[in-house]
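Enquirer: The residues making up each chain are set out below.
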Amino acid sequence: MTDLTVSPPVLELRDVSVCYRMRGRAVPVLSRVSLSLGKGEVYGLVGESGSGKSTVALAVQRVLPSNGYVSGGQALVNGRDVATLDRAALRQMRARDVAMVFQDPGRALNPSLTIGRQLAEVFEILGSAGGEALRRAEAMLERVRISAPARVMERYPHQLSGGMQQRVVIAMALAKDPSLLILDEPTTGLDATIEAEILDLVDTLRREFGASILFISHNLGAIAGLCDRVGVLYAGRLVEEGPVRPLFRAPRHPYTVGLLRCLPRPGLRKNLAPLDTIPGFPPAPGSIVAGCVFAPRCGLADETCRTVDPPQVALGEGRVSRCHHHDRVGSLVHEAVRAMPAAQPAEHANGTPVLELASLSKTYGTAPYAVHALRDVSLRLMPGQTLGLVGESGSGKSTLAHALLGLIAPDAGGRMALDGAVLAPEVRRRAPEQIKTLQIVFQNPDSALNRSHTVRRLIGRAVTRLGGLAGALREAQVTRLLEAVRLTARQLTARPRQLSGGMKQRVAVARAFAGNPRLVVCDEPTSALDVSVQAAILNLLAELQAERQVAYLLISHDLGVVRYLSDAIAVLYLGRLLEVGPAANVLDGPHHPYTEALLSAAPSVTGERSGRIRLTGAIPSGINPPSGCLFHTRCPRRFGPICETEEPPFVADSAGHAIRCHLPREKLGRSMAALPA
Amino acid sequence: MTDSVPVAEPSLPVIPAPAPAERRGRGILGVLLRSPGFLVGAVILLFWTTCALFAPSFVPYDPYADDLLNTLQPPSVEHWFGTDQLGRDVFSRVLVGARDILTIAPLATIVGTVAGTAIGLITGYFGGWVDAVVGRLLEVMLSLPLIIVALLVLVALGPSTPTVVVVVGLVFAPLVARTVRAAVLTERHLDYVAAAAVRGEGAPYIMVAEILPNILPPIIVEATVRLGYAIFTIASLSFLGFGVQPPSPDWGLSIAENYGVLVGGYWWTVVFDTIATASLIVGVNLVAESLQRALAE
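Protein chains in written order, with the numbering used here: chain V, -5 to 671; chain B, 310 to 606.
Among these hints, one or two may not hold up.
[To be verified] Some chain B residues near chain V, calculated using beta-carbon distances under 10 Å:
| hint | residue |
| --- | --- |
| 1 | Ala491 |
| 2 | Leu494 |
| 3 | His498 |
| 4 | Leu499 |
| 5 | Ala503 |
| 6 | Ala504 |
| 7 | Val507 |
| 8 | Arg508 |
| 9 | Glu510 |
| 10 | Gly511 |
| 11 | Ile520 |
| 12 | Leu521 |
| 13 | Asn523 |
| 14 | Pro527 |
Everything labelled a hint here was simulated from the structure, so no lab data went into it. What you are looking at is a predicted structure, and each value in this text was computed from that prediction instead of being measured. We put the beta carbon where it would ideally sit given N, CA and C, even for glycine.
Same shape as in the complex, but just chain V (with noise of 0.2 Å):
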């Protein structure tokens, strides 16, 4: 780290308060916040939606919405407070200091003109000439580790992956070679593997570059990998600030500590403990709170945490905690100490599968431009368990749900059955007790519920539907199921706007289980939520599986969720399955070489990931993809020609773990990541 005495902060905020106007009102979003960033330093600022973590960013490069202003203190750039400057300075302010990463690269990026184009134009408002900035930009680009620049110069932003767009945003950021970049969220939307090579390029860059980053995510894994210091938002206040291995090992704020207990750990599992949550909610924008502003949800609140604000208690190390019971956070108790139901499930070993699949195939397209998006998948689901099934976005994951559901026709020669009955591709064909058999829980809530329907009628409709009760009946049953999901009767009259998150998803996961279903497909059910919000409905996914022995097809390309909830693991790589298995076993190892990669591109709070296995290339076109093994051209295990020429067989072991790879089982990795902590 720098010496922060020489030189001033890149970046300072001193007791920066920001205000949105909304219905002539002023709702403060950011209160008081400080943090300064010392010149090649990386501080995370982590919090949930809706803390203002975006709203840093945009204050501190003047961006604010029309409808923002900053109400109370400075924002300093290189020393020079950002409010004061005039137009020329703002703009050279924005043209060279500051660059900003946002989330998603697709519209960051212009549609219309190619790559080289408008990397060029950084270079040319740096006042370079045509040729000359033509050349620093393909530079650029060799700089974040894009293999052939001239090629990707040529193409416009909708022919490259999500992850090589987000490396040209990046070198266009890093191409003014600014003294402050400020990435926010920049590998939401990317799969883990991307994720991890995007972080691992920022790692790289920061040192070649010089640039002090500022680094806003959610994500506490990524923040943990990559930064130095880390500041905790909450409801727009800094709660907690210090050195990121400190502060993740032993946090000083209630709030902290609650976000990573809610985190599903390594060798937790659905059926020996509910994860951790964070009760209530966070303070609506505007309200006024008196006291400590999380008191409302804190364990260890007490009579002067609700009436006296906390100050900002330095613990030394650089270490900063805004909580009056700061020394006293070790003793909190764990938020969800609750006895699992023990009905475990024994006949599920032999018996009728729920669900069973032979030899799943789905081309869209014809020869020659056929894209296989699953090749010859056979999977089996017993009754009251959950099949993860984990893999890269294009491997086919929601292909095999939409088939299932009788939303796409899969090829002709599989075969589907539920509860030993055939499945018909189309729901129109199938019997109304299969219909009602297998629902669904979608990602996003906010597109899954009619944003126009009550609640009431969001699940009477599956009720009517589903269970075929009508009146009052009907009514009964609504109550019921929003009993199961902790909602009450108040939220009956509400419609989706007016609920949270993860009230959203709640009423989704009711809808779903109307006709109590046998199987749920579960499409990423947490991915679009909150961290402590999804701990909560983990726990009631959980919960209502052992209540109901429904079996779940999980989706997700969050290991931790995926390890959490599964009793089997699917892995899917272009449409092909390259391990099914135990989940135990398929996380223990040893593991397909591309689990393993998978495995260890998911970032830890601890921060090490040493361990990685690094995956180099693109994933592979499904119009044209690889001879032999389908992974072998990002296969760090590749070890001769018959990766090349020949498809392995699909291997099974005697507790069913099969694995697709031509190396022998016992050369196969295995991960440490999987034992229990």
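Start from chain V and add chain B according to the hints.
Expert: Leaving out everything else, chain B in the frame of chain V:
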């Protein structure tokens, strides 16, 4: 903390929720009432609607009564807007003349909106060849001048009020369908449509109960815009003799009956009907524009 429910307390305040459905409604109304354009438009519309409903009971003269001794009198204290070729009171005729246009135009708009919404929902929802075939047909219709199409059909079928309503309505349907289809396309890919399909809902239910409520705002705007055009089109048809038939005091018809004497300097027989038509169209357009802006906010 040994409570067995580890999830967030549902009894805690959610997002402060004063029945936002109403709140949204009130919000839009609030925006509208603060918009001067809307207020002017609304006053104009209110005035003409009142005339259409009640004018016969308060106008000074019978709008149909000839007075052959007092033909083509200029505006005076007895006859504020003068009299026409048959000596009928122009003032009374203009006020009562709102009646036909304000019956036919809204009906035609409703026909057009309903038909267009149905077409738009079906083409947008099913897509594929349905969309391709119907879409091309609509484009063919849109490429012809509306008034010519309407005229041809009216010539073929003979003018009568129901025919005018249906013909003008159907001529407008493709325009509404285009707007609705675009709105359906954005909704169709949302998961709530998939969720309904997974529950085994049929296409009609999904289109009407699931998608339609979410695309009402653009439909309402489109309908108001169409109303303005409907008034214009029907006035033109009446002027050409294919719309409202004599002896109605309809504005378009009156202009047609009297514009021959305009060269003689009897301007009052035409000018007031023209102003009436123009003001009604302006009023509708002002409301439509404000509505569009308010819903976009």
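Enquirer: Next, verify each hint and record whether it holds.
Expert: Outcome of the hint check:
1. Ala491: violated, 18 Å
2. Leu494: Violated: closest Cβ of chain V sits about 15 Å from leucine 494/B, beyond 10 Å.
3. His498: With Cβ-Cβ at 9 Å, under 10 Å, it holds.
4. Leu499: OK, holds: leucine 499/B within 10 Å of chain V, min 5 Å.
5. Ala503: Given a least distance of 6 Å, the restraint on alanine 503/B holds.
6. Ala504: holds, 6 Å
7. Val507: Because about 5 Å separates valine 507/B from the closest Cβ in chain V, which is inside the 10 Å limit, the hint holds.
8. Arg508: Nearest chain V Cβ about 5 Å off; hint holds.
9. Glu510: Glutamate 510/B check passes; min Cβ-Cβ to chain V is 7 Å, inside 10 Å.
10. Gly511: Given a least distance of 8 Å, the restraint on glycine 511/B holds.
11. Ile520: Since chain V brings a Cβ to about 9 Å from isoleucine 520/B, closer than 10 Å, the hint holds.
12. Leu521: Holds: closest Cβ of chain V sits about 9 Å from leucine 521/B, inside 10 Å.
13. Asn523: Result: holds, 5 Å to nearest chain V Cβ.
14. Pro527: violated, 14 Å
In terms of the numbered hints stated before, the structure departs from hints 1, 2, 14, listed from lowest to highest.
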